[in-house]
Amino acid sequence: MTTVRLTVNGAAVSRDVENRTLLVELLRNHLALTGTHVGCDTSQCGCCTVLVDGAPAKSCTMLAVQADGATVTTVEGLARGETMHPIQQAFVDCHGLQCGFCTPGMMMATAGLLAKNMRPSDAEIVHALAGNICRCTGYVNIVAAVRQAAGAMAAETKGGNA
Amino acid sequence: MSAVPKFGRFGSGREVKRIEDAALVRGQGRFVDDVSDAQQLHLVFLRSPWAHARIRAIDPKDALALPGVVAIVTGKEMVDAGLGTFPGASNLKRAGDQPGAAPPYYPLAVDAARFVGQGVAAIVAQTRAQAMAARDAIVVDYEDLPAVVDSRAAVAAGAPLVWPAATNNIAAEMRHGDAARVDAAFKSAAHVVALELMNQRLAPVPMEPRGILATIELGAEPAQDKLTLRMSSQMPSGARESLADGILKIPRERLRVVVGDVGGGFGMKTGIYPEDAVVAYAALKLRRTLKWTAERSDEFLGAVHGRDLFSRASLALDKDGKVLALRTHSLANVGAYGGVVGAMIQMLIGPWVSTSVYDIPLIDEHIQAVLTHTTPTGPYRGAGRPENIYIIERLMDAAARKTGIDAAELRRRNLVRPAQMPYKNAMGQVYDSGNFPLMLEQGLKLADYAGFDKRLAESKARGKLRGRGLVTFLEWTSGNAFEERVTVDVSADGFIEIYTATQAMGQGIATSYAQLAVDVFDVPIERVRIIQGDTNRGRGFGSAGSRSLFTAGSTLQLASRQAIDKARELAAEELEVSGADLEYSGAEFRIAGTDRTIGLFELAAKQDARVIHVDTTSSVAGPSWPNGCHVCEVEVDPATGATQVVSYMSLNDVGRVVSPTIVRGQLDGGAVQGIGQALCEQIVYDSASGQLLTGTFMDYAMPRASIIGTFTTRTDESSPCKTNPLGAKGVGELGTIGATPATAIAVVDALARAGAEERALKMQMPFTPEKVWRALNGK
Chain P
10 MTTVRLTVNG AAVSRDVENR TLLVELLRNH LALTGTHVGC DTSQCGCCTV LVDGAPAKSC
70 TMLAVQADGA TVTTVEGLAR GETMHPIQQA FVDCHGLQCG FCTPGMMMAT AGLLAKNMRP
130 SDAEIVHALA GNICRCTGYV NIVAAVRQAA GAMAAETKGG NA
Chain W
6 MSAVPKFGRF GSGREVKRIE DAALVRGQGR FVDDVSDAQQ LHLVFLRSPW AHARIRAIDP
66 KDALALPGVV AIVTGKEMVD AGLGTFPGAS NLKRAGDQPG AAPPYYPLAV DAARFVGQGV
126 AAIVAQTRAQ AMAARDAIVV DYEDLPAVVD SRAAVAAGAP LVWPAATNNI AAEMRHGDAA
186 RVDAAFKSAA HVVALELMNQ RLAPVPMEPR GILATIELGA EPAQDKLTLR MSSQMPSGAR
246 ESLADGILKI PRERLRVVVG DVGGGFGMKT GIYPEDAVVA YAALKLRRTL KWTAERSDEF
306 LGAVHGRDLF SRASLALDKD GKVLALRTHS LANVGAYGGV VGAMIQMLIG PWVSTSVYDI
366 PLIDEHIQAV LTHTTPTGPY RGAGRPENIY IIERLMDAAA RKTGIDAAEL RRRNLVRPAQ
426 MPYKNAMGQV YDSGNFPLML EQGLKLADYA GFDKRLAESK ARGKLRGRGL VTFLEWTSGN
486 AFEERVTVDV SADGFIEIYT ATQAMGQGIA TSYAQLAVDV FDVPIERVRI IQGDTNRGRG
546 FGSAGSRSLF TAGSTLQLAS RQAIDKAREL AAEELEVSGA DLEYSGAEFR IAGTDRTIGL
606 FELAAKQDAR VIHVDTTSSV AGPSWPNGCH VCEVEVDPAT GATQVVSYMS LNDVGRVVSP
666 TIVRGQLDGG AVQGIGQALC EQIVYDSASG QLLTGTFMDY AMPRASIIGT FTTRTDESSP
726 CKTNPLGAKG VGELGTIGAT PATAIAVVDA LARAGAEERA LKMQMPFTPE KVWRALNGK
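Protein chains in written order, with the working numbering: chain P, 10 to 171; chain W, 6 to 784.
Do not take every clue at face value.
For lysine to any residue, the following SDA-like pairs were computed, each having C-alpha atoms within a straight-line distance of at most 20 Å [said to hold, decoys possible]: (1) P/Lys125 to P/Ala161; (2) W/Lys22 to P/Ala132; (3) W/Lys66 to W/Gln131; (4) W/Lys767 to W/Asp155; (5) W/Lys22 to P/Val152; (6) W/Lys22 to P/Gly63; (7) W/Lys22 to P/Met93; (8) W/Lys290 to W/Leu69; (9) W/Lys22 to P/Gln157; (10) W/Lys290 to W/Arg257; (11) W/Lys290 to W/Gly73; (12) W/Lys231 to W/Arg544; (13) W/Lys22 to P/Ala161; (14) W/Lys22 to P/Val101; (15) W/Lys22 to W/Ala8; (16) W/Lys254 to W/Pro92; (17) W/Lys22 to P/Ala88; (18) W/Lys81 to W/Leu291; (19) W/Lys465 to W/Ala647; (20) P/Lys125 to P/Gly63; (21) W/Lys327 to W/Asp364; (22) W/Lys22 to P/Ala153; (23) W/Lys571 to W/Ala8; (24) W/Lys469 to P/Ala132; (25) W/Lys469 to W/Gly714; (26) W/Lys571 to W/Asp613; (27) W/Lys98 to W/Pro109.
Far from chain W by the CB rule (all over 10 Å, computed), these chain P residues [stated by the list, open to error]: (28) Ala21; (29) Thr70; (30) Ala79.
By construction, these hints were calculated from the structure, which means they are not laboratory data.
For each residue, glycine too, the CB sits at the ideal point set by N, CA and C.
Okay, chain W solo, but in the shape it has when bound:
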């Protein structure tokens, strides 16, 4: 029995102020570089200036003689010490059932450096400045070799090989679907559209660079030393286990990972990096506490890049615009080492959503993971799904233009219908819920799609071109990790402490979890403490793939209810009644119809250790499939080619909304990252030298406040998720996935209306002013 909640205004579905914010706005965040140890030494990395070079010798003599220098670590030393390598493409496959092929990825280069920025040595000194000075004094004898940085160039005959066993620089590949039936469909099709599309390489750029504080706890002997790594990581348990098991080859008990505040992750701070292994190794070897803080250039050079998928894509349609088949052949530039995660994102995860919200029965998708002398690619907000939604939406837009069928109508004719749910797509993925036709209709209304011509004329009167991009799409979330463990401690001091191994990085999950806890415990939100970021407290997958709320949130709800049930039994005992006679509200049990009460925290005080403790693990039944209808309108200045996003309307199905403010923040923040890809961001390597040309914010164009227009961001909760008890769908990446095609298509539309459709359809992102101007002017 429950009485009326007292603190419902803090519960789920309500707008609340974030519990994270008070410390952050006071400058009291604990980001990784904010924490220091008086005994710390400083570590910096020497990075290869060559895209491809044999390392003949490394001479640290002069460097070691400089003041304050303690040690110089090389790759060979780490191999000799028995350290492992990072898992690579040999676990994957190439055509003809061949195993994948890629060079071994050592934490520091041993025989060769294979991308500009690859770590070649680490320098440890008393101060960071001394380490940097010593870095300049290390003499490395490089034999520079030919390099290739572009995926198309890499697979061409005669290209420099990154790894001899990887013929044509193919590290791995996958092909999905039915090529023969797709060929037949294309032959019989009334309409075929074909596009070459580049999802260009991007840098994730969380504003906080990576860093590590490695604290040594000395044992009786080195083999008993314990190491704590304070990291800026989305996956503390994964980092600990991968480092201990695979690289350092030490028992896990000797390694702890702690995470404080993380200044953005976006996928870039998942997994482990070479730098993590080197810092840990050096700390253990020297038996000293070490600090490494990445500079921004370390991040552009050495942190994973995202995207970099070149596709030849085509769509076959019947005379009514019904899509018969989708065919793609893509080259995924995975960088120099063919890491499993980067390759699988493009070869498998992205294709899971390639048919998106459309009922497309036939696919033939061939994705080849290509090695080049560039930084390894990895997860970046969306990880495979933005690439594939970009492809299908550009194709649908091209199909609308070719067939003369209105863009909205073409989509309407192809959407999966509610009656088809649960729907199994051509990749075998099952969508549990979603009303895509409803989202389209409501989205069009919200965007005043019908009123565009008026706005077009108004822009024209001001000398501007105007275009719009409509996208309907879905995405896959969960990171393929469905289980979570949550501990709940109701303590005598009046707080409810909840632990989960998911990881905050700005996405507001602590507040969202607290709101779910308030739903059950009915306490003011300040009474809830969310603890994360300590592998001593428990292990778990961490935060990626927009999974945290619907996995950990589901377990948290269950664990909280179990805690109340436990407390109810204790209360019943104390008050000598049956549990059914008790009402609960506002942290208090009351015998119904009387004024006899006992408080929740009072009960806790009477228990062992003065807590009511619950430890629960549960799994959700599957991924969630958030989806949306987004409409972007842009103005283009024909004199300069500059594009301004004027309005961005999004209607989003994220299932049940737990925290409306946070959900909108994720959608808008995500959208601006997507707009950034469409209009200005790109990692560029010089093809002649392999040098990274966009290695700082001077050359890598980040969206700034001036990029935004009017955002109208709404959610539709009419299709709750059926595979988790919350009914929630992961929101973190959805905004990014929709915004890139919506913005790109809007620019194409603006140019098409100005008579430059053919050239516009050939433009590749980012649609910089120069490219737009050239397309408009045929130059």
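Looking at chain P on its own, in the form it has when it is part of the complex:
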């Protein structure tokens, strides 16, 4: 057992966990943040994607203890209070989700991409989402949502600098 201390969605948390506890298990079972999903057992599907210190990570492939001291953002931490994050808004606007199971992971991977590259090409979007599987949408509207989110976030940044 180890005491893990980390920041999740801006709040400091501390939990005692078995050493073998995965980060996704800490999030879902210990912190009741069930927005992050488990879709496979071999790290391919990406449904468990969260941001760890700003970079996308598959939380099924990290131990909770590895996230000790880290800043983790999950889908529950995207919205700004009542207002949706531009990525969330874009997925809604573009019909970028159908069943919604892969969606949190898709959005967090998108957040990671746009943090590094605010004007990704379609090829760069597709590459950034290579680790995320969707069975419902056929990806067409997901790519459109990422494009829209990129535009909205770039405009925000511009506005902020105006």
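Could you slot chain W onto chain P? The hints should help.
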């Protein structure tokens, strides 16, 4: 009388944002594993590592001694407790009017395991980790036996038998048409084309694995305990009734099924599974709440597989390319237990569309359901129709090549004409509507079919081969369930709550229903609540076969109108006028020409229970027959054999479009699943050992975002459905059905243009880079 609607922008035919999305994008979905009970125990399954093995003994002693272990359940225990088996092929027929034959399918294997992954025991413990540790400590004495996994190998002399009574491993079979007349047609034909075609076995792979939370409500004694199963199911009522009646043998009143958000279904979450029976049994026996969550490997091993139809198919044509007859002999690999649904999909449902949009008078179709030591097959998006459309379209493509008649022209000469509607096909199915020649002409234009050579040259300049695949096709929808029941409650709190037993699983029916409700009630869409997923609220068939919108939507429209009619009478009474003097818009009745009004929700508040309540059941008159013209263009890299879908154009007749955004999403999402079958997906068993080789996403190649090219997706609403009041045709499976042949034919075309036609016609899906490279290089 109605005034101008105030909220028409949310009504049918309009692009609206989905009402489902706000919760889902915030991570507030309630998928089955998201809901827990503080008292829950955890259940996991021990699965057979052998494809075929006698089970001599199961020794749980060491496992029971491990920390936290509560119970270990075996198949024998469940038999002794009087539980039933899953319905099998004995209800079907074989040649010579023999009854079908298949082994009894127990929820947990009793005498033998017959596929790798079949459940052999269940372990219940305080934590999931403890249950998994205990699983490793169970000692099973297996006597491994020879196994067969391929349908052709299974019907050959000397093959290991899955079940002694099933001679040559044939569980059931059906033959349709007129063999003698078809033989005669082939003898007199100017042209004959013959192909061997494999619709390979696939895994449906909804991204959310199955799971169950079984909550016990204790009665005075065990026989009065009630059980609620929270499931990820497309058919809550069916699950409840099949489990209660057929397996658990308990009164239905003791069992409730609730469904929250479902992370994809695609047919895989219809019916009931052995795991459902075991979890329910264990919860009742232990009188404890249990949770089971499938891992992805549980899904590859234990959830139904789709397709797996091997066909020898041939087409006879006259000198002008008019098709005289279709002949097929197919082996459907239904897995180890010959379940009725999996067998009927291949033996009957698929053949219903075998002649597709073509006026083919004669058929001879023989389908044999074959047992092998593999996972049972079941519905997967299209369920029989993709297989048969693949067959006829590959044959039409081969016929175009053989006769030298252009692919579009050959189809043009064979399409059923509007004047022939309603058209009865060779299987006796009646198409109510559809303008197939129009769809072809418009489809060709949309795809710039005539401009292909320019694009071919442009690809060549970049060192790429290019090919195109044209398909015209239709499909059958409804799941053979035409009736639906809808309740409408207009409540004083300002909401309209609508209940139906269809089930959302990502296809956006809640939004589509809400748009239909807005058409009638003229309220903002947020005022409409769609309730599903609770067998306490009412029973119904559930969602499958692309049926929900045109069946439940039709009933919903009727029920909504009845609610307004009821409200109008109440308003007339309140305002002391005749109903005919009232105009309705924006949730308000107004005496025409005055400013005297009364609100819809105000009226509700004055009623008993503060609701205006309507409960309506209605049926549509028949299945719907959506159809399309799809054109896929691919580029092939000759150095690697890799195929890229460059453009995918589809023109689709889904009758009246209620929700354009959702319809396009279904078509595109469906298309990518179809492209996946053509290019990369396959469930593979090792023939020597019977082991599943594609048991994880490391080996089962799923389409990823990189697979998509430019999608141009259009609908044509000029042929509304004549057998339901909405005029709508089911869209959910249409995209998948068209995309597999369109993509496959495009790859064949690219190879043919590079001089490898003969080898290309012999390729079987998936058209992996290796296969394409070998065909190009003759190696």
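Status of each hint after checking the structure:
| no. | hint | verdict |
| --- | --- | --- |
| 1 | P/Lys125 to P/Ala161 | holds, 15 Å |
| 2 | W/Lys22 to P/Ala132 | violated, 27 Å |
| 3 | W/Lys66 to W/Gln131 | holds, 17 Å |
| 4 | W/Lys767 to W/Asp155 | holds, 19 Å |
| 5 | W/Lys22 to P/Val152 | holds, 17 Å |
| 6 | W/Lys22 to P/Gly63 | violated, 30 Å |
| 7 | W/Lys22 to P/Met93 | holds, 14 Å |
| 8 | W/Lys290 to W/Leu69 | holds, 17 Å |
| 9 | W/Lys22 to P/Gln157 | holds, 15 Å |
| 10 | W/Lys290 to W/Arg257 | holds, 17 Å |
| 11 | W/Lys290 to W/Gly73 | holds, 18 Å |
| 12 | W/Lys231 to W/Arg544 | holds, 18 Å |
| 13 | W/Lys22 to P/Ala161 | holds, 18 Å |
| 14 | W/Lys22 to P/Val101 | holds, 7 Å |
| 15 | W/Lys22 to W/Ala8 | violated, 26 Å |
| 16 | W/Lys254 to W/Pro92 | holds, 14 Å |
| 17 | W/Lys22 to P/Ala88 | holds, 18 Å |
| 18 | W/Lys81 to W/Leu291 | holds, 17 Å |
| 19 | W/Lys465 to W/Ala647 | holds, 15 Å |
| 20 | P/Lys125 to P/Gly63 | holds, 9 Å |
| 21 | W/Lys327 to W/Asp364 | holds, 9 Å |
| 22 | W/Lys22 to P/Ala153 | holds, 15 Å |
| 23 | W/Lys571 to W/Ala8 | holds, 18 Å |
| 24 | W/Lys469 to P/Ala132 | holds, 19 Å |
| 25 | W/Lys469 to W/Gly714 | holds, 15 Å |
| 26 | W/Lys571 to W/Asp613 | holds, 14 Å |
| 27 | W/Lys98 to W/Pro109 | holds, 16 Å |
| 28 | Ala21 | holds, 20 Å |
| 29 | Thr70 | holds, 13 Å |
| 30 | Ala79 | holds, 19 Å |
Going down the numbered hints, you'll see the structure goes against 2, 6, 15, while the others check out.
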